[in-house]
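Asker: Here's the letter readout for the chains.
2 protein chains.
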Amino acid sequence: MAETTSPAAMAEEWREKDWRDEEGELLPEVVELVQSILAAEDGASLKSLVSDAHEADLGALLAQLDAEDRSRAVALLGSDFDFNALNEVDETIRAEILEDMAPATVAEGIATLETDDAVAILEDLDEDERSAILDKLSPADSFALRRAFDYPEGSAGRRMKDEFIAVPPFWTVGQVIDHLREAADLPDDFTEIFIVDPGFHLQGHIRLDRLLRAKRPVVVTDILEEEMHTVGASEDQEDAALLFERYNLLSAPVVDEVNRLVGVLTVDDIVDVIEEEADEDIKALGGVKADEEISDSVWTTAKGRFRWLLINLVTAFLATTVLKSFEHQLEAMVALAVLAPIVASQGGSAATQTMTVAVRALATRELGPRNAWRIVRREVSVGLFNGIAFALITGTVASFWFTNAGIGVVIGLALVCNLVAGSLGGVLVPLALDRLKVDPAISSGPFVTTVTDVTGFFSFLMIASWWFRI
Amino acid sequence: MAETTSPAAMAEEWREKDWRDEEGELLPEVVELVQSILAAEDGASLKSLVSDAHEADLGALLAQLDAEDRSRAVALLGSDFDFNALNEVDETIRAEILEDMAPATVAEGIATLETDDAVAILEDLDEDERSAILDKLSPADSFALRRAFDYPEGSAGRRMKDEFIAVPPFWTVGQVIDHLREAADLPDDFTEIFIVDPGFHLQGHIRLDRLLRAKRPVVVTDILEEEMHTVGASEDQEDAALLFERYNLLSAPVVDEVNRLVGVLTVDDIVDVIEEEADEDIKALGGVKADEEISDSVWTTAKGRFRWLLINLVTAFLATTVLKSFEHQLEAMVALAVLAPIVASQGGSAATQTMTVAVRALATRELGPRNAWRIVRREVSVGLFNGIAFALITGTVASFWFTNAGIGVVIGLALVCNLVAGSLGGVLVPLALDRLKVDPAISSGPFVTTVTDVTGFFSFLMIASWWFRI
Chain A
1 MAETTSPAAM
11 AEEWREKDWR
21 DEEGELLPEV
31 VELVQSILAA
41 EDGASLKSLV
51 SDAHEADLGA
61 LLAQLDAEDR
71 SRAVALLGSD
81 FDFNALNEVD
91 ETIRAEILED
101 MAPATVAEGI
111 ATLETDDAVA
121 ILEDLDEDER
131 SAILDKLSPA
141 DSFALRRAFD
151 YPEGSAGRRM
161 KDEFIAVPPF
171 WTVGQVIDHL
181 REAADLPDDF
191 TEIFIVDPGF
201 HLQGHIRLDR
211 LLRAKRPVVV
221 TDILEEEMHT
231 VGASEDQEDA
241 ALLFERYNLL
251 SAPVVDEVNR
261 LVGVLTVDDI
271 VDVIEEEADE
281 DIKALGGVKA
291 DEEISDSVWT
301 TAKGRFRWLL
311 INLVTAFLAT
321 TVLKSFEHQL
331 EAMVALAVLA
341 PIVASQGGSA
351 ATQTMTVAVR
361 ALATRELGPR
371 NAWRIVRREV
381 SVGLFNGIAF
391 ALITGTVASF
401 WFTNAGIGVV
411 IGLALVCNLV
421 AGSLGGVLVP
431 LALDRLKVDP
441 AISSGPFVTT
451 VTDVTGFFSF
461 LMIASWWFRI
Chain B
1 MAETTSPAAM
11 AEEWREKDWR
21 DEEGELLPEV
31 VELVQSILAA
41 EDGASLKSLV
51 SDAHEADLGA
61 LLAQLDAEDR
71 SRAVALLGSD
81 FDFNALNEVD
91 ETIRAEILED
101 MAPATVAEGI
111 ATLETDDAVA
121 ILEDLDEDER
131 SAILDKLSPA
141 DSFALRRAFD
151 YPEGSAGRRM
161 KDEFIAVPPF
171 WTVGQVIDHL
181 REAADLPDDF
191 TEIFIVDPGF
201 HLQGHIRLDR
211 LLRAKRPVVV
221 TDILEEEMHT
231 VGASEDQEDA
241 ALLFERYNLL
251 SAPVVDEVNR
261 LVGVLTVDDI
271 VDVIEEEADE
281 DIKALGGVKA
291 DEEISDSVWT
301 TAKGRFRWLL
311 INLVTAFLAT
321 TVLKSFEHQL
331 EAMVALAVLA
341 PIVASQGGSA
351 ATQTMTVAVR
361 ALATRELGPR
371 NAWRIVRREV
381 SVGLFNGIAF
391 ALITGTVASF
401 WFTNAGIGVV
411 IGLALVCNLV
421 AGSLGGVLVP
431 LALDRLKVDP
441 AISSGPFVTT
451 VTDVTGFFSF
461 LMIASWWFRI
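Residue numbers (this note's numbering), protein chains in the order written: chain A, 1 to 470; chain B, 1 to 470.
Treat the hints with care, since some could be wrong.
Pairs involving identical chains hold if they fit within one copy or between any two copies, as the list cannot separate such chains.
What the hints assert, rightly or not - Below, a list of computed lysine to any residue pairs in the SDA-like style, where the Cα atoms sit at most 20 Å apart:
1) Lys17 / Gly204
2) Lys303 / Glu91
3) Lys215 / Thr321
4) Lys303 / Arg213
5) Lys215 / Asp178
6) Lys289 / Asp279
7) Lys215 / Asp185
Don't read these hints as lab results, they were simulated from the structure.
Full structure from sequences and hints, please.
Answerer: Right, here's the structure in full:
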């Protein structure tokens with residue numbers, strides 16, 4: 001039977017090949033091959049297949065297996081399982097995989113990682129599980145990780161690697177290069193070396209391209225750059241990300257309260273921070289919790305979204321109270337009931353536009369106390385302009401539709417009021433929340449919608465009762 | 001007068017100091033100093049002040065000056081003006097600055113930049129202005145830039161630097177290092193060197209840390225890594241960004257159609273791409289054009305937002321048509337008019353949640369044809385769960401509020417319908433748009449809102465007329 005190839009041979013073949021198609025999607029053939037290897041419990045083939053795989057590809061593969069196959073794969077790989085792959089899968093999947101493992105096995109895997117990757121895995125576990133794993137680590141590893149956990153969540157101290165290269169100022173370039181050739185546990189990648197005094201206070205840094213071009217007898221103090229962008233270990237990772245973006249950094253030294261070098265932040269971690277923060281903002285604005293993941297169960301997802309919908313319901317009832325207090329007018333003139341949602345909806349859209357811009361500009365620090373007043377003025381003017389434009393359009397359409405010119409005037413005036421109110425709310429609410437140290441992305445939406453719903457219904461029905469004397 | 005210090009002395013003093021406060025905001029003292037220097041037209045002090053400034057700080061300074069001061073500053077700096085600062089300011093400000101300059105002056109400044117930075121500046125100009133500037137450049141510079149513009153907008157070819165280090169495979173490490181020491185026009189920063197054959201086909205790469213640790217007589221072919229993540233020059237920059245994120249790259253070689261090395265993409269540019277793409281998605285979901293900037297005038301902003309509001313108005317009128325067709329029922333029972341917006345609003349919020357998750361997952365490739373069906377099923381189940389939960393809550397409240405149990409049943413049933421419809425629309429619309437190669441972030445919103453408004457009003461009023469026989 002020439003057509004069937006053994007899984008072992010296929011594993012051998014796929015070890016060398018690219019697992020992904022042009023779009024970057026994992027090829028279904030690879031997933032199927034792994035499934036058949038797992039069905040046969042053929043550990044040797046599995047080990048051979050993944051031996052050269054990048055952690056990202058191994059992670060993508062695990063994510064596509066079902067839960068049972070996933071734990072079988074990890075068990076079959078044993079100590080050949082690359083723990084780095086755990087940082088390439090969703091939190092839900094990671095938790096599932098770790099649950100099946102003994103603390104000692106996890107500790108063994110964690111020990112092979114750089115501190116930043118180890119912290120990322122341990123961070124999601126609860127205190128007890130984390131302690132159980134840390135206790136099984138070597139004192140040195142355990143100390144480094146415990147220190148990272150002393151820094152607050154989301155701080156640079158949690159994201160840094162404590163693997164870096166620091167040399168004394170009196171060394172020559174030649175000594176540095178010899179040290180790099182001989183040292184056993186160098187960081188996986190590095191792009192600069194640091195120069196420190198005996199107390200580990202930072203004197204400067206030298207980028208590798210500069211080091212390469214220097215002659216061996218040169219003393220490092222002669223070529224070091226003193227100017228550096230250092231990050232405090234307790235500083236927020238978002239602030240560190242802004243620094244990387246602003247100055248196009250590849251890495252930055254992290255220092256403790258007394259200015260001692262304790263670690264290094266690298267741009268690959270910062271890329272993840274930027275991606276996460278953007279993800280959080282997008283989700284927050286859409287009313288979804290930051291930690292919702294596509295692999296979550298129906299129940300977890302529904303529960304997570306319930307709260308936001310509940311807040312929305314409360315604000316909707318608030319707006320409804322306004323409508324209810326005008327029951328008499330609505331009864332007298334049903335056209336008002338038909339048109340009221342248009343006023344609320346246009347105001348809501350204009351407010352969302354303003355809010356989006358304000359939230360984004362606050363996140364990137366383009367908006368702050370220095371220019372807040374100018375932006376508020378601008379937004380209100382924009383609201384007024386578009387309010388007038390939509391007053392004319394909507395007023396004309398409504399007049400003809402209900403063959404009642406008065407209706408057109410009333411809805412027009414209400415639209416101007418609501419678009420101005422919406423623009424004002426759209427920028428003032430995020431500014432106020434930011435001042436109160438509350439994340440404007442998460443909390444602005446419901447406030448702003450309440451403003452436009454209430455103002456929309458109220459202004460429309462007030463103006464109508466005055467115009468039509470009802 | 002011991003208290004007043006001359007601007008020249010202050011410029012000297014601030015040249016050395018950090019211009020920013022702890023939050024990363026530019027200090028007002030610096031801005032005031034520059035304003036007084038500009039008022040005195042003191043070019044020498046200005047040049048001294050900015051001589052050591054990072055392009056990002058110079059850009060931030062320019063952004064805080066008014067338009068008149070800005071052009072005066074650039075004029076006073078003359079050839080000392082660092083063109084890199086232009087990539088640190090908003091497009092609007094950049095255009096203003098460039099407008100005041102002669103094409104020859106711009107060309108002179110452009111010639112000092114790396115290709116990626118030059119392209120970023122020239123990209124926003126119109127054809128004629130760009131040609132006028134390219135014509136003033138040296139043939140080599142002009143050729144490199146024209147070639148970049150042959151690649152489509154948003155492609156890797158536009159983002160790459162054509163400054164990179166490529167050496168033949170038979171060179172030794174010693175030869176490479178000597179070349180690095182002697183070469184005149186090396187890239188500003190580099191983290192790896194490439195090995196190419198005489199036809200510039202890529203053989204492999206060596207990271208600098210690896211090069212540093214190798215001995216001089218070693219031939220580069222012995223230490224090169226063959227496995228590389230190459231990017232096609234016409235490939236979308238977003239795809240390149242996914243590659244960088246997935247494999248934690250610092251740089252990646254860019255190749256043309258016949259696999260020749262034409263440039264290199266670096267992670268600092270990718271950080272900008274990720275930030276821009278996230279910014280675009282957030283703005284698109286909020287109904288704001290991607291190129292809206294906080295420095296835009298009221299008129300530009302209002303015009304830019306008008307279109308989205310117009311689309312929203314059309315969908316609002318669609319929903320209103322539904323309400324209007326139930327005028328008789330609304331007249332008979334005004335409570336229906338009061339409660340209808342709640343049904344529409346809850347459905348809209350649930351749909352926005354689903355849409356946000358779907359748009360985001362499509363952007364990060366977590367959602368694709370392979371798991372679309374599973375996600376649709378999950379979203380519908382979530383909608384059903386929360387629909388039932390809110391049917392119970394809202395139904396109970398409405399029954400008591402209007403002392404009419406029937407109202408509670410009707411609004412409850414309508415909520416279940418609308419939350420399911422909203423969840424379905426929230427995931428199917430982005431999937432369909434993605435399939436049609438339309439950006440789901442930009443276009444999903446109005447479709448999805450139409451679904452929930454129309455379904456909300458229709459289901460509520462249909463069920464009501466059937467229940468109450470009106």
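Asker: Does each hint fit the structure? Answer for all of them.
Answerer: Results for each hint:
Taking identical chains as interchangeable, the C-alpha atoms of lysine 17 and glycine 204 lie at most 20 Å apart only when they sit on different chains, with a minimum of 17 Å there against 43 Å within one chain. Taking identical chains as interchangeable, the C-alpha atoms of lysine 303 and glutamate 91 lie at most 20 Å apart only when both belong to the same chain, with a minimum of 17 Å there against 43 Å between chains. In this assembly of identical chains, the alpha carbons of lysine 215 and threonine 321 never lie at most 20 Å apart, being 79 Å within a copy and 80 Å across copies at closest. Within a single copy, lysine 303 and arginine 213 get their C-alpha atoms no closer than 59 Å, and across copies no closer than 54 Å, so neither meets the 20 Å cut-off.
In this homomeric assembly, lysine 215 and aspartate 178 come within 20 Å of each other (Cα to Cα) both inside a single copy, at 13 Å, and across copies, at 10 Å. Taking the shortest Cα distances, lysine 289 and aspartate 279 sit within 20 Å of each other both inside one copy (10 Å) and across copies (19 Å). In this assembly of identical chains, lysine 215 and aspartate 185 lie within 20 Å of each other by CA distance solely across copies; the values are 19 Å between and 25 Å within a copy.
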